[in-house]
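Participant: Make a model of the complete structure from these sequences and hints.
Top to bottom, those sequences are chains V and S.
Residues in the first sequence are numbered from 1 upward in steps of one, following the numbering used here.
Residues in the second sequence are numbered from 1 upward in steps of one, following the numbering used here.
If you're looking for bench data, these hints aren't it; they were derived computationally from the structure.
Owing to the predicted nature of the structure, the values given are computational and were not obtained by experimental measurement.
Cβ coordinates follow ideal geometry from the N, Cα and C atoms, glycine included.
Wrong hints could be hidden among the right ones.
Taking lysine to aspartate or glutamate pairs in the EDC-like style, the calculated list, with each CA pair at most 16 Å apart, reads [as the list claims (entries may be wrong)]: (1) S/44 - S/75; (2) S/158 - S/125; (3) S/112 - V/187; (4) V/112 - S/125.
Below, a sample of chain V positions facing chain S; criterion: calculated Cβ distance under 10 Å [to be verified]: (5) 23; (6) 26; (7) 52; (8) 364; (9) 370; (10) 416; (11) 417.
Restraint ranges, calculated between C-beta atoms of paired labels, are given here [unchecked claim]: (12) S/59 - V/308: 50 to 58 Å; (13) S/25 - V/6: 49 to 57 Å; (14) S/337 - V/99: 24 to 32 Å; (15) S/4 - V/333: 22 to 30 Å; (16) S/196 - V/351: 32 to 40 Å; (17) S/56 - V/314: 52 to 60 Å; (18) S/52 - V/98: 46 to 54 Å; (19) S/419 - V/9: 42 to 50 Å; (20) S/86 - V/9: 53 to 61 Å; (21) S/169 - V/104: 31 to 39 Å.
2 protein chains.
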Amino acid sequence: MGLHEEMLAIGDQAVAAARRLALLTTRKKNQILLAVADELEASKDRIGEANARDMESAAGAGLSAAMLDRLRLTESRILGMAKGLRDVAGLKDPVGGIISRWIRPNGLEILKVRVPIGVVAIFYEARPNVTADAAGLCLKSSNAVILRGGKEALESNKAIVDVFRRAGGSKGLPPHAVQLVETTDRDAIRVLAQMEGRVDLIIPRGGEGLIRAVVDVARVPVIKHYRGVCHVYVDADADLDMALRICENAKCQRPGVCNAMETLLVHRQIARTFLPMVWKRLGEERRVELRGDDAAREIVPAMRVATEEDWNAEYLDLILAVRVVPDVAAAIDHINRYGSNHSDAVVSSNETVQRAFAQGVGSAVVYINASTRFTDGGEFGMGAEIGISTDKLHARGPMGLEELTTYKYVVHGDGQVRE
Amino acid sequence: MGLHEEMLAIGDQAVAAARRLALLTTRKKNQILLAVADELEASKDRIGEANARDMESAAGAGLSAAMLDRLRLTESRILGMAKGLRDVAGLKDPVGGIISRWIRPNGLEILKVRVPIGVVAIFYEARPNVTADAAGLCLKSSNAVILRGGKEALESNKAIVDVFRRAGGSKGLPPHAVQLVETTDRDAIRVLAQMEGRVDLIIPRGGEGLIRAVVDVARVPVIKHYRGVCHVYVDADADLDMALRICENAKCQRPGVCNAMETLLVHRQIARTFLPMVWKRLGEERRVELRGDDAAREIVPAMRVATEEDWNAEYLDLILAVRVVPDVAAAIDHINRYGSNHSDAVVSSNETVQRAFAQGVGSAVVYINASTRFTDGGEFGMGAEIGISTDKLHARGPMGLEELTTYKYVVHGDGQVRE
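Facilitator: Following this line, the structure appears as structure tokens:
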């Protein structure tokens, strides 16, 4: 069987599974999730052994220490996957709710009803825990899932999916509801991304290179975020202690993630007071490398020079670009030009400035007097997230269970025909 | 300036216009719409002359009578465009509404706010009235629009867009809020469809060939419907007079449109009674060509033979495929296999059957005891539609003003940072 036929078969099986998943009750889905969680714990040795084989091959292939760390499944990470599934079982089922309802003058009753998307494909890299997390969220939202993880994690992923099959199957999980693409042929991604009618949505998770490669070839809708270039704008009317606390948190609390601040914009009226505070707290105490524009370096000459590249940079590291701006309009322009439509914050007590910022900045999430680090499914109260979207359509920001659903119209009549 | 640079410039101008449009009040947008409507009426001779030039070239190029009819702008069609804009001015502004709001335990207030999409590109064929309709809907929803109509309608489209520029501009319409792509280079569609960051959504309207060509190359999200293969399933528990009335309406009221019925599915228990009724009313009285499967032709031998191709056919004509099925499950399977996710109806008084059909059929709109012909923005109460979607994401079924918006999160804090 060639690659194309193999992927078509996976797609057909997923479509059939999606139809059966759509009919499962919430209670049944939760029973499956809990059974899989139990079995993950019971199988922790077997999963650990599979992961050890992956780690051995990866070490032999010369993967970086960071990659190896992402690939590693410790006992606590396996127990964490099980806990994640139990948490998902506790979340509200998004399927079946009535979003709106209205009656037309001719008596037709129109219901807009929340339904599963159908078949979701997740492309990701070395983290095997994504396998359990994504499968759990798709199952709870009654979607069939096609998983394509990094080849480094293949043995681990097979072991995890095998647990879904065995433990889930015994509780009524439809066959093929959770499928893993086992071929390491890179072209599988292209074939899957062009399978209109069999795949309804692709969520690629990983580096910008992977995501661009998917978007370039896809005919199926893709929801993604390329980068997180997040900003904090400190206004003339800011509480500077609050601003400093927010900046420190946004930059330093976890610098390697997509919702960390990469560029600080400071109103020129308070730059002489605020930038030395930033230099002391972030630069000296927290060892952040600051790169400023001319105006910033005039105030704090010890900063390195920021170039055009810095405004576009997603450092994911203890580095921060700093720019002095004349007003909120200039801050908005900077963010809309260089930002990534992810998360941006204003610190200001001025309501006119807050409103201008919230309306003018085009990002998925705009914060007023809070850290950008809250863009996260858990922090938003969604319980878990399947990813973060910087796209404009369907889902923006953290994507939880509800974002894994769509709607259909069900129209009730008593014989209405169109005049 | 090459094609690529020309399209990039149009995209940059659209992005700038979208930012300004997002700040317009409802009152201002309505004033613009009404001024454009007045000026369309005042310019009817000029638009008529431009259209006459298009008609002359098109007749010379040997366009079909149907194409020429779509291209023609009579006085009443021009007045119809003006009325359409006045109707849109009367519709509720979708922008700015709060979709939901919640407060987190740490005090963060999360608002999910309805916002414009940004830049919408509409690709369409010979109908110049789409130019005014699409521009009006995009303006009311605060989106900048890039219009790419058929080359046959170029002079007409230029005259219409010129009215938006002149009359709208005098009332505060941002420059470049409504742009027409004037080049007839077919590659313009590819370039526009790959302009991530400058174009946020593409809505192609036209034949399946145009739409597939867009999807094949697009990196920007596309919302579309390829085909309308709509079904009516007449159940064993149907009121057969109601069923006949619905079938006649769904097939004959306007056979050339996407929400007309193309295949009739009949439960075998009532086929002997119902198919002769269909033959008499649709076949004999309304001159519909019926093409049946073996079981149908056993009952009405005068039917032609239906082949596998007929189940996939979008006739857009007075032709109907007919199949006898053993139960609602078989009807659902047929529809999910051959249908186009558009609009499908069940006629039954049995609530179990109704529920199974509504849940099992995957289409955007499912009707219970009503004609498929109601899938239309006006009939749904949206006032007007920019198109119909058979996709799963963002919008399904008729797309009105609300479907031309998306959302963002605005999060209010008082200094919250992440622990």
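Participant: Now tell me, hint by hint, if it's right for this structure.
Facilitator: Verification of the hints:
no. : hint                      : in the structure
1   : S/44 - S/75               : 7 Å, holds
2   : S/158 - S/125             : 14 Å, holds
3   : S/112 - V/187             : 39 Å, violated
4   : V/112 - S/125             : 31 Å, violated
5   : 23                        : 7 Å, holds
6   : 26                        : 14 Å, violated
7   : 52                        : 34 Å, violated
8   : 364                       : 6 Å, holds
9   : 370                       : 3 Å, holds
10  : 416                       : 4 Å, holds
11  : 417                       : 4 Å, holds
12  : S/59 - V/308: 50 to 58 Å  : 54 Å, holds
13  : S/25 - V/6: 49 to 57 Å    : 56 Å, holds
14  : S/337 - V/99: 24 to 32 Å  : 28 Å, holds
15  : S/4 - V/333: 22 to 30 Å   : 25 Å, holds
16  : S/196 - V/351: 32 to 40 Å : 34 Å, holds
17  : S/56 - V/314: 52 to 60 Å  : 56 Å, holds
18  : S/52 - V/98: 46 to 54 Å   : 51 Å, holds
19  : S/419 - V/9: 42 to 50 Å   : 47 Å, holds
20  : S/86 - V/9: 53 to 61 Å    : 54 Å, holds
21  : S/169 - V/104: 31 to 39 Å : 38 Å, holds
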